[in-house]
Every structure is written in structure tokens, then in C-alpha cells.
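Peer 1: Sequence lines, in order, name chains E and W. Each residue of the first sequence is one higher than the one before, starting from 7 at the first, in our numbering. Each residue of the second sequence is one higher than the one before, starting from 7 at the first, in our numbering.
Heads up, a few of these hints could be off.
If chains are identical, the list can't say which one is meant, so a pair holds when it fits in one copy or spans any two.
What the hints assert, rightly or not - Straight line, CA to CA, 27 Å or less: simulated DSS-like cross-link-like pairs of lysine-lysine:
hint	residue 1	residue 2
1	K158	K44
2	K116	K72
3	K351	K340
4	K48	K441
5	K290	K158
6	K47	K441
7	K439	K47
8	K158	K86
9	K405	K340
10	K72	K158
11	K47	K72
12	K183	K142
13	K122	K142
14	K72	K142
15	K406	K351
To be clear, the hints were calculated from the coordinates, so they are not data collected in a lab. Only a predicted model underlies this, so the values are computations on that prediction, with no experimental measurement involved.
Number of protein chains: 2
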Amino acid sequence: MTDSNLEFKTDPNKKSRADSKADSKTHSKTDTRIQSSKLPKKEDFSEWYHELLMTAEVVDNRYPVKGMCVWFPFGFAIRKNVYGIIRELLDPDHQETQFPLLIPENEFMKEAQHIKGFEDEVYWVTSGGTSPLDVKLALRPTSETAIYPMFKLWIRSHADLPLRIYQIVNTFRYETKHTRPLIRVREITSFKEAHTAHATWEDAAAQVETAIERYSEFYRRLAVPFLVSRRPAWDKFPGADYTIALDVVMPDGRTLQAGTAHHLGSTFARTYEITYEAENGEQKLISQTCYGISERCIAALVSVHGDERGLVLPWEVAPTQVVIVPILLGDKEKVLEVSRNLLEKLEAACVRARLDTSDERPGAKFYKWEMKGVPIRLEVGPRDIEKGVVTLARRDGVKKAVPLKDLLTAIACEANELQAVLYERAKQFRDGKIKEVTSIDEAIEQTEGGVALVPWCGNEECGHELEDRVAANILGEPQGQSFPEAACAVCGRVSTGRTYMARQY
Amino acid sequence: MTDSNLEFKTDPNKKSRADSKADSKTHSKTDTRIQSSKLPKKEDFSEWYHELLMTAEVVDNRYPVKGMCVWFPFGFAIRKNVYGIIRELLDPDHQETQFPLLIPENEFMKEAQHIKGFEDEVYWVTSGGTSPLDVKLALRPTSETAIYPMFKLWIRSHADLPLRIYQIVNTFRYETKHTRPLIRVREITSFKEAHTAHATWEDAAAQVETAIERYSEFYRRLAVPFLVSRRPAWDKFPGADYTIALDVVMPDGRTLQAGTAHHLGSTFARTYEITYEAENGEQKLISQTCYGISERCIAALVSVHGDERGLVLPWEVAPTQVVIVPILLGDKEKVLEVSRNLLEKLEAACVRARLDTSDERPGAKFYKWEMKGVPIRLEVGPRDIEKGVVTLARRDGVKKAVPLKDLLTAIACEANELQAVLYERAKQFRDGKIKEVTSIDEAIEQTEGGVALVPWCGNEECGHELEDRVAANILGEPQGQSFPEAACAVCGRVSTGRTYMARQY
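Throw the hints in and build the complete structure from the sequences for me.
Peer 2: Laid out in C-alpha cells, this is it:
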């Protein structure tokens, strides 16, 4: 691995800021990993995914604990931009905060339904230094049991409600299944969990709607289409009244749960005795919600848009939005001068731009920056300069000459268009992976590489039988849609009920 | 606790953004904690400090595990601004990244000197679900042993150097001593640790200098003066060649170690076999540094500037920089209109401003926002409006009438002046707490409530004797200063050597 690969910046004492970005040293060496490896075909999704994360330097899965990864600096830069969007969407009416990682066993064990859902997955701290601890401490798998004892102290009256907080923290699950970077991990490094408290059950239900709207907006900004389902009773969050989930259809047709919102009713309020004084002086239990998104959102982003040449990043989250590649033929000085001016102009317009003046050949540079998912490449050559244009290449393959004088406008347009193309392409892919079926046999066939929409009367027994016989999961009732009557694939009873079924990550 | 106390924002669906900030509901209730409690005297530092953190809502120490606190939303907002400065200072030539929390026992135990320094303080995860783990996992007390096995994979050639990364993460120490919020804790929630790799020992030494420069700049921006010392051999970081530390003199004259930079030499490189290919083809060990700052920087900020009326926050880190308090006498509508216009004007100028239109009396509002450390208060009254002025009150007590038309300029000036006043005041305090002494008896007296500068020949035995007899710690040789010859307080040998001595937090 070379420093250009990691994109480590060089010593600022040695050169000016602009020079540092255009540093030839940083890019002078053959970027062996990127140049020598070709990604597997995307049809071989699992291999492609693993190779891509390493080659594009998103996360390094060579850390010596199963299911725990290191964020490469480049991957971390993507993460920062992605979580910046989440913060932007929540900050207007949520407050960011931070709670401790470790939860004492007695608090953790208070809510019976909840603990049942997590007890097999919890890491326990049992000693400090060389002495055993008096009270075992759980590494939070999620923070309800850390936060709600504090809610009890914080909430006094109806005027304290609604209360909406969130934190972005590391959480832990002792996964016994096969782990997969960003998808099934033992340390979730970037769990955004929001927790809200309300005066009534209805207020909490409205908050669940709001949460799903915000998450939908979030995924639209990543140009990632999704499905929204109400999870069946047996698959809701432990302790919740109900759960609404967002699923993303992955390249192999399996689905990835990529966000959930839970109506907790007053289950936790009862356990942790969280009450408020109503306007009439009565003490009432609060109603609660919680909703979360993890680094699976990065897995979805990477998987949905990437191709065999590497990452494809939407403009808003790309660490480098525009790369300038000078074609050093003819009057090299002139080409470099125009390139440097372009860089300055783009930076002044708050575009995250780079100028690649390394010694590599243009083809190698194209290859490298495509791997990194840079949305727009500008090629600056002597003949183009004569004509007063540069060649603009979009990461989706579109290439055109653009007049230098209109460049900023053109880049803004192309960024928007790329966003639209990515979303449309992903939406078509997703839609092509969903099929209405009428029988169990059809559901079996469809869920081999996609999502089946199956008539289901809603009965729990039929649901379990469906899952068993189809060997796929019930994602639940599609939200915001209605369907004509049809016969339940199990019992034949006629209803308007449907469920998505898929193999899940 | 009321919502105004936590400053939870109200539902944005109900009102516009501007209204939400000027919402009377949010501030309509008596803010019981702030109004009813008066802080203890600052001379009773420990009580004052604890009360302030709770009353101003920085951290909540009622979490049910000793040494672990919850960041209140308001405290978290301060933290965000403070760590924003650290990022700004490091980002030009460091890359942010993130490594796992859990370190397998075998990696953790590899470096003997290092483990000796930490083994009594490490929390161990020993089970996952109900099964014991094959390999115990340490909760990082610091991340050398998590990061350096990856450096071995990342570093290949001289061109990969220097390598400079950092992360801001939670780390853990099983403290057996008395804990104190933000100062001595078991979960360090906000450990910024940087790790660098270099081709030569000299390059690493230069990096230590750079680190200390950056940290100095950081504390200057917080208006917090400090001392820079080279720690004695027996108090350096476990595994380091040497350690340079920044100490802040706290109100009671004890010192708080608030930042350290370590030259690691090739100790870890040898243990983790981190080599690079030099230009001549030779394989060489890298030289390393690491440097860290924790939430102690917030403890220093709060303690150095705060007073008996609450926090005093420098402009740059204050969540609310300007609060507008309308004095609702005479033509109330006119007063509110002018106040709203002011708010808009300030927000347009990117000032973090609030308008307090709650039903409380102006005095109660003054009290509340002083507790929160707001640097500038604007009082808008009918008589002032007639004269075309507002009353500007700075958190340090300065009060003046300012023409409405020059307001933005005036605010910028006053913010600068406040910064200068805070720094100067703190510097005078610090300087008053340091005294040159010549004997052990004088050192004993001085370290009861301050820092002694003691002649010390540098000999380790004399050092230990000094610490024992004075019953205070040797902070080490002051950096960047020189002194005339004097007799060592222990052995009487004449040298130019000096050391700071103090009781440390």
C-alpha cells in the first residue's frame, strides 16, 4: 500500500496548500493494489463486495478480531459525509448527546422482553485490572437500558415533552453467524440511535411516521431506493408495540435491513417508572419511540451504486467530488496552469476538488479515481484548451466537452443529473427484483434472487408456515400501498393483505 | 428539570424555525434548578465544580456506574465546538480514522513496558452471550496495541512515511481512585489520539514539537493558559522514549494534565515488526509518536473561566454566543419587533443567537443565560430603542450602550476583547500560582495551593526524594525556558536544572 493509496497528505511545512493537493510525490508511485487488481464481477456479489471495500479503501477487515473492522481514512471520510446528512436531518428537532457504553447488569436485566431479544448477543465485562467486578457490565447492544433510567430523572412534567435525543456511538453484538464488513459485525462503529418521549401513544405513533420520513429523505439523498414494511409481530424490536423497517434490495436480490423505527408504547416507561405530571396534575406513563441506522447505510450505498471499476459515490457524500487530470502533451506548462486555475476556481466554489499531477499515465489515473468513486473527472489537454473547453467525464460513463467559462454551472448540472441517473438506475434494478406471486412455489423461486410480494391473510400461523416453506423471511406488510383481494398463499383465505418475502442479510 | 433547562427544541411542525427559537413555551416555566440553586464559592473548588457541571448541564453524573457520565445536550454542544477546533488544527496533515474498541489479549500483551503501565486499569470482556470467549478482549485504555498491528500492514516503503492519523473515541480505565466528572473517569468518552510513523528518530522528535505547538494553539483558542514540561523518566508514557505534557493550573492550585505527546522511538515498531524499505532498499524500523487530549480539556475550560454565576465560555465554543433579552415595557410590540430583527441579523451573520421571549422576568433570564456562559447578552428596551441603541452586557461584567446600526461590528469587537480579557485574567491567575522556591520546606508550603519551581539536578534519586518529602508530583523540566545556576533542593549540587512540582489531579 502506498501513501497515495491511503491518500495521506504530505507535510504542509514543505509545501503550500495548493501544492500539497497537486503533489506529484503523493501520486508518484505505482498504486499497486488499485492497478494490479481487477474487481470480481458484481454478479459474484459477496466477492465483489469484499474486494471493493479493501481496494477502494473503505474498511480494512484484517483487524485481528472477527467481525471488527478498521475504517481507512478514505472510508472514514465517506462516513463523515454520510452521517453529516443524518445530523442535518435530525438536528432541527433532536438534540445530540452521549451516554456511557457500559450498562450495569441490574439495569440491563430489568425489561424482560427486551433482554430476551439480546441476551445471547451481549458482551460482558467481568473484570477490571486483575479483580472481578462486583456488578457485571454489558457492552451496549443498543442503549434503551442506559438511557431510560436517565429519562426517569430528566422528565417531570408535560412541559418536558416531547423529548427527542440521539447519539452516534459504537455498539456491540456477539454475532455467532458469518460476519461481513459493515453488514453483520460485532462492533457497530456508527450506530445512530434516536430516543423520544411523548405524552400520548398517538404522539409517539406520529413520531414513528416522522422518523420513517426522515430516513426516507436520507436514503433519497444517497440515491438508494428502499422498501418500507411493518415487521410481523414475531420480528419486531424486543419490547416494542410495533416496528417499521426500511430494507434495501442488494445486488444479489437479498434484502438489507437498513433502518428501523419502533413504537415502544409504555413498556419501558413501566419498567423504568418514567412518568410525567399531566396538565390536570395526574401522574402518567410516557410513550416512547426509538429509531436507528447503522453503518449498514454505507454498505447499501457502496453495494447499490458500485460497479466493476469500483465505487460510484453520489456528489453529496464523495470525499473528492471532482478530480482534474492534466493530459501532459504539447505545452505542458500551459496545461498545468489551466489545471491549477481550475482547481482554485472549484475550491473557491466549495467543491471538494483535487488535481492529480503524479507521474502516472492518464489511463492509470482514470482507473484510480474511478475506483474511489469520484463523481466527475475533468481532463485538461492542450487541444481542448485551444478550443476553450475541457472534457468532463461522469462516473456513470457520460463524457462531453464543456466550455471552460461555463464550467461551474456545468458541474452543478452534471452532479444533479448523475444523482438522478443513479437513483433511477437503482430504482429500476430494485423494481426488477420485486415480483408479485400467488403461490408458495412461485415465492420459493422468486426469493432465490429477489423479493416476492405474497398474499398473506396476516395470521401468525400462516406467517410462520410461509417462512418455513419458502425458506425466506417475511419482511412484513408494505407501507403506503393498497392491494386487491387475493387468496392467502397458505390458507387460501381472501384478503387485501400482502407481505414482502426475501432472504435477508 | 424543565425542557428549557435542557434546551430541548420544540416541535418544528408546530412553528417556524425563527418562532421555535423565540418560543415562549420553551422558556415559560420557572427553571427551578438554575433559579433556586446558588453555586458554592469557587474557593470550595470541588463542590463548585460538581454543582456547576450539573446546574449548567454539562454532564450528568447520576448514571448508575461510578466514573461514567452522560453528556447533557448542552454539554455535548460545547464538546462539539471544542473538538471542532481540534479537528481543524489536525486535519491539514492528519487523517481521521477509526479503530475497533476491543483488543485481543495476545496483541495487547505484546509490548511489555506498555502493558506494565496499563494492566491494573484494563477492563476485560470475557464472555459473549452466555459463553466464555476463547480470547479475552481488552477495552482499549489507549489504542497503540490496536493500531500498530495495522501499521505493520499499511507501511511498506519510505514513500508511505510520514503517516499521521487520529481518532476521537471512547477509551476505558478501571480507576480505583476517587473519580471526578471529566477529570478522572472510567469511560473517557472523547479521547483524541493521534499516531504517527516516521523514517527517522529525528523526524519523530520534530513531530512531538509540532504536536505541542498544535495543542498550545488549541488551548490559546480556549483562552486557557498552560505549562509545558518534559516529564521525568519515571512518569513518561509506558513504552515511550520521552513525554512532553501540558498542564493547566486549576483554581485550587493543583494541576491537571491536559495533553501529552510521546516520542515512542522504535519500541513498538520492534514489538509489532513495523518496518519500511528505505531508498537504498534496506529494511528499517519506523520511529513513532502518539499524542492525546481527552475531555479534560472541557474540565480545564469550565474550571479556569467559570465563576459563581456559572459557566463563562469563550466565543468560539459557546453553543449560544448572543442572547437577546427584550425588556417588555411600554410599546411591547415594538420591542419584540426590534428583537426579532436583531435575531435575524445575527443569524444571517452566522452568529449562534437566541431570543428569549419567555414569561420570566428579565433578571431571571439574565441569571439563566449567565449560568450557561453566554458571552454576550443584548438587552432591548423601549428607551434604548428611542435612542437607537441596545445595551450590550459581556459575561465578564462589562456593560455598554451600542448603536443599533454598528451592532455587528461591536459584537465582533466585544467577542475579541472578551477572549483577550479571559486569557489575560487566567494567565495572571496562573502566574500568581507559580513560585520559585529554593528549599524543600518552601516547596512543601508552595504546593499546598500552587506550583513550585524547584531547583533539581535532574538525578532520578533526588527526584524521588523530592516527591516523597514534598508530597507532590514532579511535573518535569519547563520547556522553552532557561534558568540561572542554583543548588538542587535535595543534594545541593549546582545546575541550571529546574522542575515544576504540584499536586496533580
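Peer 1: Against the structure, test the hints numbered earlier, and report the numbers of the ones violated in rising order.
Peer 2: none
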